[in-house]
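As they're listed, the protein sequences go chains A and B.
Residue numbers for the first sequence follow my numbering, beginning at 1 and rising by one.
Residue numbers for the second sequence follow my numbering, beginning at 1 and rising by one.
A couple of the hints might just be wrong.
To be verified - Cβ-Cβ distance ranges computed for the label pairs, FRET-style: (1) A113(B) <-> T685(A): 25 to 33 Å; (2) A117(B) <-> A309(A): 50 to 58 Å; (3) E704(A) <-> A113(B): 38 to 46 Å; (4) P217(A) <-> A117(B): 26 to 34 Å; (5) T119(B) <-> T734(A): 30 to 38 Å.
To be verified - Derived contacts from chain B toward chain A, CB cut-off under 8 Å, selection only: (6) C44; (7) A46; (8) G53; (9) A62; (10) I123; (11) C134.
Because the hints were derived from the structure by calculation, they are not lab data.
In this text the structure is predicted, and so the values were computed from the model without any measurement.
For glycine and all other residues, C-beta sits at the position ideal for the given N, C-alpha and C.
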Amino acid sequence: MANWGKIARRTFLIGSAAMAGGVAFGVWQYRRELPNPLDPGADGVALNPWIIIDQSGVTLIAARAEMGQGVYTTLPALLAEELDVAWDQIRVIHGPAAQAYFNAGLMSHALPSTDYDRTGFQEVMVEAMSVLPKMIGLQVTGGSTSSLDAYDKLRQAGATAREVLKQAAADRLGVAMGSLETRDGRVIAPGGVELSYQDLAEDAARIGPPRQVELRPASQWKYLGRAMPRLDMVEKVTGTAQFAIDVRLPGMRFATVRMNPHLGGAMVSFDARAALAIPGVERVVDLGHGIAVVATTTWTAMKAAEAVAIEWAPAPYPDSSLEMLTVIRAALDGPANSKLRDDGDVDAVQIGAEDQVIEAEYSVPWLAHATMEPMSAAAHFTPRGLDIWTGSQAPGFAEMAAARAVGLAPEQVRCHVTYLGGGFGRRGENDVVVLAARIAQAMAGTPVLVTWSREEDMRHDFYRPAACARMRGVLRDGAALALDGRVAAPSVSRQAMARMTGNAPPGPDKGHVEGMFNQPYAIPHYRVTGHLAELSVPIGFWRSVGNSFNGFFMESFIDEMAIAAGRDPLAFRLDLAEAEHAPSAGVLRAVAEMSGWDRARAPGTGMGVAMTHSFHTPVAVVIEVTDQDGAIALSRAWMACDVGTALDPSIIEAQMVGGLVYGLSAAMMEEISFSGGTVDQGNFTEYDALRQHQMPQVAVRILETSGHIGGVGEPGTPPAAPALANAIFDLTGTRIRDLPLNKRLRFVS
Amino acid sequence: MATTLTVNGTAHLVELPGDMPLLWVLRDALGLTGTKYGCGVAACGACTVQIEGQAVRSCQVALSDVWGPVTTIEGLGTPAALHALQQAWIDHQVAQCGYCQSGQIMQAADLLAVTPAPTDADIDAAMAGNLCRCGTYPRIRAAVHAAAVALREG
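For reference, chain B alone in the conformation it holds in the complex (with noise of 0.2 Å):
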């Protein structure tokens, strides 16, 4: 079946089965490997992407499902233009195995639009569903923070 996808502004005619969950359209078809796998059942949150803005988990949104443009990791920034939520996690040296960080920061992003000034409360409620087996969460809650305030003073 052809679907016409919009990935990172980019529109792709993809030849695939409606029912194939978009993280794997993602990479294994149109090569965009930022987005992760690490559960297939929304669990962990690495393969966190946008769809119109809103943060999903693209291991359980089928392909004939989406409703908007995707905007994945590479799309949100890159070494040459960096976003403020990616600036931040250079700043406050996040990662550490870095596998879990594309979701995170796709995450955050969503949290940001939101809400601009989030509280500790609301980084909590925002990011649970996002697993770090690193345990670098204290130094994620610090780049949110810093990244709000950076958006907020443009």
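Chain A extracted, bound-state conformation (with noise of 0.2 Å):
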């Protein structure tokens, strides 16, 4: 902890310095400059790879996809925190798919160590592997990691370009730089002479960046720290946010796709007669394992894919998720992947006569994303390339995918990043990018937008895997002695990076683990094995991977030895939490306020919490249920998450909310199965979501006392689970260990 503020500020420091433009460092090799990707146009300059400013104005570059998480805030305001920029002067683009925005951020999940435990060493290698991405051009939105990534970067990048602006004023008007201000777009001379950012910005691309330069420190910021009015809401209140499925270009065409249900399997063979006969249909596409249907409208495309006659072939997976699931248990008996905790040494403990050992297996089923806008992208393949406008969470693989898909070199595909229908998770995968790019390039010269209906997004996901746990615990005089857990999966760290880059790295894999070993809890005796089951089902990240399932065995069982030590859980929590993590402890010691806690249960009522450590943020939850003539109500929710430094209150109290929400919606009444291999669920009528009359009441408190910025996207969801299922326990006295909730019991609909 000591050493991350000065460790991370030196590296960042040169880093960002280096990127902002012209000034070399030898050091490491990966610190040379990155090109600079845009070309703001013959009468605009790019001061760096995150600012234009023209004659218009000053645009910011986000770099990060746009899903709902407020990127297209924050990330500016890191910027205009230190350029001096009025906050509805601002513009905002996600700019071109490029190297110089890499997310190092999302490398410091890579380390096989637990991230409440931030020693200096961890932080020299958590730079260190910021080389990784660097290389392959990671500009990746994901893993709760895009205000981690842009903290230091950005405002490095802001207060570089307010630098060079003011050392144009002082040259022009010969004038000392100490002497100038800068404020709302303009240098300030003493005396009253102003000079517009757009009036300096050609002499200020001249100039040399300064080697360093000072951060303002928070007790001045004006936009950080503060709730921003989100410089995306009036489009999206007015229907003007354009989505991929809404980009409309002259002479377009609307196409959708049929691939094989039985994942992975080929097609036999089709035959499009009935389709082709079909008033509006132009073109049907064989993909080799499924067809596409181009018409003039997305309607008739979608009617003609039905009438499509298709023969396919099996998958390679057993046909249904009973079998698949014989298959993970299984796997809990087989070798162990990791065993990245070893504390203390649970085999040699020695069970007395007054000692209490408990055991418990849990399983949790697939989900699916469900992205409120299906799959959708449009493309234009013509004889310069191919232009693809896709809300990807990943465009620089995106367009070396396409790129493979239709036979052209990377730089003559060009991915236009738009705003996304939601991701988590689900918009890293290039398989709709590679269908659309195929498409278009057998519609050579018509633009085509690729929508899929919302059975063939449901039914072609990348799945969050099945997952199973079991687990034993020593209870001695009240507190936990020994946690044993061991987890079985597939592995999705696998299965993605040998989908991304063509091969899977060997050795422990954390984010199979993630959740249950890297717990901020002093067990004296803790171990975590993690067991890979094999299975090609299509697998993916899911809002907080490993933590979504691993959060729900953890905190279950952790309930579950505070219930038969006959303790508080929260209490019980709070002990194992203060002797290992501050920040941890202080979010339950939160939540055990806000919801009162420690009154009597009024009838009818139960109360559960959770508390889960995930991307740098503990939040704890606690969750109230009622019962409504024999059917669960949740009545109120409480979170308290601990964020370091909270760059935008409003933007990580929403981002909590809708965490949890994500979380309890899966948690209540999700599950993907499959029967005869292809997934039962086709739509929102099998696979809903919590709605607005089942919305707990919730309040949210953000602490900031961890010391570095943590994650807000993801570490909402780990927590519901558990706190719902321990709530319900709470009102019933019924332990459930499998999810979702709703096949044991009734909830309010």
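Dock the two chains into a complex; use the hints.
Spelled out as structure tokens, the structure:
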């Protein structure tokens, strides 16, 4: 913890100054200047990869996918805080896919250490790991890392640009730089002389950036630390925000796909005659493992796709989810892939006569992302290359994948990132882009919008894997003496890495056990082993990834241990956390106070607590449930998170509540099941989510003690399911160890 | 088949099959993309528009069955001239990804036309059909209440 500020500051100072233009540093090769990807046009000047100044004003580059988490607001606020531009003057664009926009924060999750234990050595490792994403241009939005990655980098970029603008003004006016101030996009000289940034931009672009700039202390912040009006809000309430599905180009045709629902299976044959007879259908494209229909409207294309007679080859995995669960359960007794926590010696614990040993098994189902906007992408294949418009969480990868699919060089493909109608991890995959590219190639010269039907989207996801756990705990004198956790699931990391880079790295899979091995609990004997199940069902990153199931396993079992020990579940956790990580104890104390945890429960109500530490942020949740004539209602919820520095409290609150709702929806009612090798669920009628009338009242408290920027997009999700299951236990006395909960009880609907 | 369709006060002569859902007429023929496709089976509410002031799921209304003038999110208000609901949505910073919000706002407009001072239970009943995967429900509720006050006080 002590070294975080110093080391991060030093490394980012050098790195960002290098990227801000002109200055090369030779310490390590990766610190070479990255090419500035911006072509600002004839009358514009790009001061660095994040700022364009032209005659119409200042445009800031977010370079991260806006999927609701507010990066189009928080990232510009970081730039503007130092650059001194008025909030209502700021324009934001995503910008091109480019290596300069790599995400170093993402790799901070790649190390096999607990992330609350931030020693100096680990921080050095985190910085060194940023080599990898830079080399491969990992411009990925994920892992709740955008603010972590941008916090110093963008403030540096803003400050550097401000200083060269001041230098340009000083040179022109013949005054000392120290006599100049900046405000609302202008440099102000003594005597009231004002020069606008637009006026100075061209001169400024010729000035080398300063080697070092002072960042303003938080006490001087104007934008950061405050709830700023989101810069995407007006568009999103007037129907003018453009998602991929809304891209319209002259002469555009509308397409849809119908791929093999036996995922990974081939297409044996198809007969498109009936489809081609439908008025408005222009083309049926053979995609190898499925078909696309191109028509004059999306509705015609979808109708025609259903009319194509197709014979599918089977999938390379077991037919049913029941058989799959058997494979996953069997992995629990197979070889371990990881043992990332092994405190004390679990096997050597002598069980005394007064000790209690408890054991439990848990399981969770496959889950779909079910973004509100179904998968969609527009593509235009022309002699000058391929243009793609889509809501991508990884545009650099998307360009490479699309180029490969149509036989172009990567630099001939341009990915234009639109708003994302929900991401949750689904839009880091390139399947939709590859199919759109191939359809556009078949329709060369004609722009095509490819929209998947909801059913196609639901049945061709990269699912959150089904998972199970076997937990064993030993209690002595009302306290946890030992915890031995085993987790089994197919490996998301390995499958995703193999898809993106062609091979899966060997070694322990941290993501598989995150949320269980790295929890801030001082248990003397604490061991977690990960067991990988071999199943070829497509799986991917689902909001909070491994934490989404391990949070449920771990925090349900901690609850069981507390109950077995005759202890209050919140006090039991507080004891464990206090000795290990003060911010985690802090969020527990906060929800205890907010919820009135220690008060007597009203008749017919139950309360449950859970605390998880993920993406550098501890989050505690208390949920209150009530019995309404035999149905369970979620009446109230209280959340506390410790994000270190709260860059935008309104956005953080929204992300915490959103993460909670995403987790509660899955816990209450979501399941993807397989029969005959295909997914049973096709639409929201069979895969629903929490709705307005089921929504509890939620209060959120944001703490700032952890000493570093924590993620906010994902850490609200992992504690949702266990807090709810623990509340239901408190109300009913029934411990539910498998999800979704509505298989065992009824919710108010 | 030629059909005359009035959308946001403008009459359009469209040559499209009568069984084409209004949703796709708006999006793919008229270029009004503020109305969203989410499910196609009236399960999510993203495609909600108004016909003669009544909220309907445009994925379920065939072109030949449209019985009156249509209002979409683009017709409710514009960035330069916001409707009270859109202003309340901004004041309460409701949207996250934003994809479902056109439908949420069009549904809320129907609610306030019928029930100018809705209770929480009224909001629950009216808005239960509009799904939001980002979980913006608490801010939607607050914004509906605020817009109701603004509209009553005119």
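Please flag the earlier hints that this structure goes against, numbers listed from lowest up. Of the numbered hints given earlier, those the structure breaks are 4, 8 and 9, listed in rising order.
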